[in-house]
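Visitor: If you read the sequence shown in my numbering, its first letter stands for residue 1, the second for the next number, and so on.
Quick caveat, the hints were computed from the structure, so don't treat them as lab data. Hints are not guaranteed to be accurate.
[What the hints assert, rightly or not] In silico EDC-like pairs for lysine to aspartate or glutamate, Cα to Cα no more than 20 Å straight-line:
| # | residue 1 | residue 2 |
| --- | --- | --- |
| 1 | LYS236 | GLU182 |
| 2 | LYS116 | ASP99 |
| 3 | LYS116 | GLU182 |
| 4 | LYS116 | ASP72 |
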Amino acid sequence: MRDRDSELRLADVLVETADTLNDDFDPERYLRWVADRSVELLGAQGAGVMYTGRGAEVRLVPCSNQQDVVLDLLEVQHRGGPCVESFGTGEPVPQVRIDRDGAGARWPAFAERADKYGVAETYAVPMRRNSTMLGVLNVFVPAERRSMAPERELRIAQALANAAAMGLHNHRTHSAYRALSEQLQTALDSRIRIEQAKGILAERWNTGMDEAFDALRRYARRERQVVDLVAVQVIKGAIDAEVLRRGRSEPS
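Generate the whole structure from the sequences, applying the supplied hints.
Guide: The structure is reproduced here in structure tokens:
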């Protein structure tokens, strides 16, 4: 990120990362894209995301390049690693060297695996929306990578993680509101059909709306159907009105 073009590219990526309000959104595809952009912008060997999906299950999403390597580095962290540490504390894990005194002292199993793949350094940043932890972005740095100020690099990674957290949160909120809206619309449509069926029966029998609804409800219970389904059949003329009438409460 040393020139204007790189800074503009970062700005473009942050805008794209926040754009998640689409019907075909897939969290794993999205997070793989985030990991790919992290590799691109940070000059990393690889990157991956550990995140919690619906139901609180933990999922691992590697970047497209060296998928098997990155997935292995994420999986080995069940015994300790930068992802697990950041996930537990909700704080970034700054750059740690893959050597005996760095990662080796903190996470021996992870350090051994990272060294095997030629990783020289690693760090992790939380993907958090307010107080809710959604995941962790873990970056793996090769020894031959171009130099970058560690603090600046960590800030860029955190900016990407923040944008991804906002994108995930916005999509989850959008999905919840959309589901609620669909439920309310279904309930409204059902109420309209029932009112229409009540009107048909009340007019046909020259009776009140309450008595017509009572007949609908009694028939639905007798036939073990929902009232809405009975109403649809009445509207379509698929139920003999006299069949419904026999279940109607007669005046005393």
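Visitor: Each hint should be assessed against the structure and marked as holding or not.
Guide: Status of the hints after comparison with the structure:
For the hint pairing LYS236 with GLU182, the CA-to-CA distance comes to about 24 Å; that exceeds 20 Å, so the pair is violated. As the CA atoms of LYS116 and ASP99 are separated by approximately 11 Å, the hinted pair is consistent with the 20 Å bound. Pair hint LYS116 plus GLU182 does not hold up; C-alpha atoms about 51 Å apart against a cutoff of 20 Å. For a cut-off of 20 Å, the pair hint linking LYS116 to ASP72 stands: about 11 Å separates their Cα positions.
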